[in-house]
Amino acid sequence: MPPTPGTPGHERLSTHEVANQPAPRGDLDLWADDPALNDHAASAGADTARLGDFGAMIGTAEMRAMGRDANRHPPEAVLFDAGGRRLDEVRFHPAYHRLMQVGLGAGYAAIPWEGAKGGHATHAAMVYLMSQVEPGVCCPMTMTYAAVPALGADKALLADWVPKLTARLYDPAMRPLRAKGAATMGMAMTEKQGGSDIRANTTRAEAEGDHYRLTGHKWFCSAPMSDGFLTLAQADGGLTCFLVPRWLEGGRNAIHIQRLKDKLGNRANASAEIEYHGALAHRLGEEGAGVRTIIEMVHHTRLDTAMAPAGLMRAALSEAHHSARHRSAFQKRLIDQPLMRAVLADLALDWEGTLALGLHVARAFDGQGEAARAFARLGVALAKFLGNKLCPGLVYEAMECLGGMGYVEDTPLPMLYREAPLNSIWEGSGNVICLDILRTLRREPLAGEVLSAELATVAGQDRRFDAAMQAHMAAFPKLPDEGQARFYAESLATLLTASVLLRHAPGVVAGAYVATRLSEPRGRVAGAVAGIDTGAVLARLGNPRD
1 MPPTPGTPGH ERLSTHEVAN QPAPRGDLDL WADDPALNDH AASAGADTAR
51 LGDFGAMIGT AEMRAMGRDA NRHPPEAVLF DAGGRRLDEV RFHPAYHRLM
101 QVGLGAGYAA IPWEGAKGGH ATHAAMVYLM SQVEPGVCCP MTMTYAAVPA
151 LGADKALLAD WVPKLTARLY DPAMRPLRAK GAATMGMAMT EKQGGSDIRA
201 NTTRAEAEGD HYRLTGHKWF CSAPMSDGFL TLAQADGGLT CFLVPRWLEG
251 GRNAIHIQRL KDKLGNRANA SAEIEYHGAL AHRLGEEGAG VRTIIEMVHH
301 TRLDTAMAPA GLMRAALSEA HHSARHRSAF QKRLIDQPLM RAVLADLALD
351 WEGTLALGLH VARAFDGQGE AARAFARLGV ALAKFLGNKL CPGLVYEAME
401 CLGGMGYVED TPLPMLYREA PLNSIWEGSG NVICLDILRT LRREPLAGEV
451 LSAELATVAG QDRRFDAAMQ AHMAAFPKLP DEGQARFYAE SLATLLTASV
501 LLRHAPGVVA GAYVATRLSE PRGRVAGAVA GIDTGAVLAR LGNPRD
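The numbering used here numbers the first residue of the sequence shown as 1 and each following residue consecutively.
These aren't lab readings, by the way, just hints derived from the structure by calculation.
Honestly, I wouldn't trust all of these hints.
Claimed, not checked - Think about it this way: if two alpha-carbon atoms lie no more than 20 angstroms apart in a straight line, the pair counts; the simulated DMTMM-like pairs of lysine to aspartate or glutamate are:
| no. | residue 1 | residue 2 |
| --- | --- | --- |
| 1 | K180 | D160 |
| 2 | K478 | E454 |
| 3 | K117 | E370 |
| 4 | K155 | E287 |
| 5 | K263 | D69 |
| 6 | K389 | E482 |
| 7 | K192 | D262 |
| 8 | K180 | D262 |
| 9 | K117 | D69 |
| 10 | K261 | D466 |
| 11 | K155 | E114 |
| 12 | K164 | D197 |
| 13 | K263 | E370 |
| 14 | K478 | D466 |
Let the sequences and hints guide you as you build the complete structure.
What follows is the structure in structure tokens.
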């Protein structure tokens, strides 16, 4: 029988005794061992009891092993059967299906739409937890969650689809929606010639009675085995949003998979190039209103792409922290060596800042009224931009803390490193997000007013924060031109993060963030800090039982 996950092997070998190596990690409680998550989830109004159950379940050695299996056995395209008939299917490893079952069954896609208080904040925290175990399966679940508000543009489609999208079940069966207990939803917008410039799309939509027929291609279609897809095509009235079902009552819809992308990371999740060959589609919203309709889905997927990097950072830091506590060099544990403590504490500040800002923004998604809506739109862009720019560097530094072992596939670090750039690219890459921030502030004065009010809540609490605010306003007395958009977005997002930490994190942690992110001098590499309480910051990583 195979050994139980987390059980050490034989230490006495024929040539030497294995020593000074961290023991395999057993079951982890991703909720109980994360005091920062506990604090910020509570501040955001999330359902902490539900998160406690999910964090304990998803962190077990069994679940983490499934995450490794799903990532190491990527999906395969099966385009034809043995007789040459088109199938256009994607086959997944059983571990992928099990993780989908666990996530959807726990309410990953459903909680925000069930009417309970703090649903979006609870969902966002689940994204954070799931991303630590296997981030690839988050993509189809995130799109399923995010499709619900977009479907509000058509009452009939809303009535047909939303009960299946929020069913707390996973039903991978290949059959029409009517015959399924649950469904998932994908999204296919970009084309070869346009990328983020979706108004350049050439896919055509021809009206045919009460539906349409689509002809064209999509360059990226993630989760191509979803039960339906929100997509964009050119109708007579302009660029329009459509719902394309994967399966029809009479069989397969004319969605042809060309190939799967051979991606750097996100290996468990399939991303395909597809073509529509007269595929049946239902219009969602008015002709010509495609961007306005589908942006509701994009807005909600951006929340998840702002939360996922916090989960990746946490997973990487957890491995580095574990190694440092259980490995010694030069007669001293690594965790007790001042320079290692400085590096880990510096990284931990970026991780907690990303977590805190993401959950604070999620709270706005749960809010009511125009002010909450305006802050959610602007805040999610700021959180997505900053967190994802910090994530790859943090994961690399955590990898280096393990030395050569961090570069070996026996640890989670290579998977996390490959995953780290992705959420910055998805749902609007860095430049697109920065330009969207400027556009929002120009078009929606309320967004700027709400943001100013957010920052003003901590005025006078820390003189260094106040000085940084004054410096920001002096540098940007008005909105900058496009060439300065990244500088502006980074400054604003860092200030907003600091304000959230000053409100909801221990004072010593918030003070360390302000001192090292908003004050000079500041080095450009991790650990190039001085004068912070590393012990207090590292305590936010928790005290795991391993």
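Verification of the supplied hints:
1. In summary, the hint linking K180 to D160 is supported, as the alpha carbons are separated by about 12 angstroms, within the 20 angstroms threshold.
2. As the CA atoms of K478 and E454 are separated by approximately 18 angstroms, the hinted pair is consistent with the 20 angstroms bound.
3. Restraint check: the Cα-Cα separation between K117 and E370 comes to about 18 angstroms, which is no more than 20 angstroms; the hinted pair holds.
4. About 16 angstroms separates the Cα atoms of K155 and E287, which keeps this hinted pair within 20 angstroms; it holds.
5. Distance check on the hinted pair: K263 and D69 sit about 17 angstroms apart at the alpha-carbon level, within 20 angstroms; holds.
6. A threshold of 20 angstroms between alpha carbons decides the hint, and for K389 with E482 the separation of about 18 angstroms falls inside it, so the pair holds.
7. Among the hinted pairs, K192 with D262 is consistent with the structure: their alpha-carbon atoms are about 16 angstroms apart, no more than 20 angstroms.
8. Straight-line distance between C-alpha atoms of K180 and D262 comes to about 31 angstroms, which puts the hinted pair past the 20 angstroms bound.
9. Using a Cα cut-off of 20 angstroms, the hinted pair K117 and D69 is violated, with the two alpha carbons roughly 35 angstroms apart.
10. A C-alpha spacing of about 47 angstroms is found between K261 and D466, which places the hinted pair above 20 angstroms, so the restraint is violated.
11. Only pairs whose Cα atoms come within 20 angstroms are accepted, and K155 paired with E114 is accepted, the gap being roughly 18 angstroms.
12. A threshold of 20 angstroms between alpha carbons decides the hint, and for K164 with D197 the separation of about 32 angstroms lies outside it, so the pair is violated.
13. Restraint check for K263 and E370: not satisfied, since their Cα atoms lie roughly 39 angstroms apart, outside the 20 angstroms limit.
14. Under the criterion of a C-alpha separation no larger than 20 angstroms, the hint pairing K478 with D466 is consistent with the structure, at around 19 angstroms.
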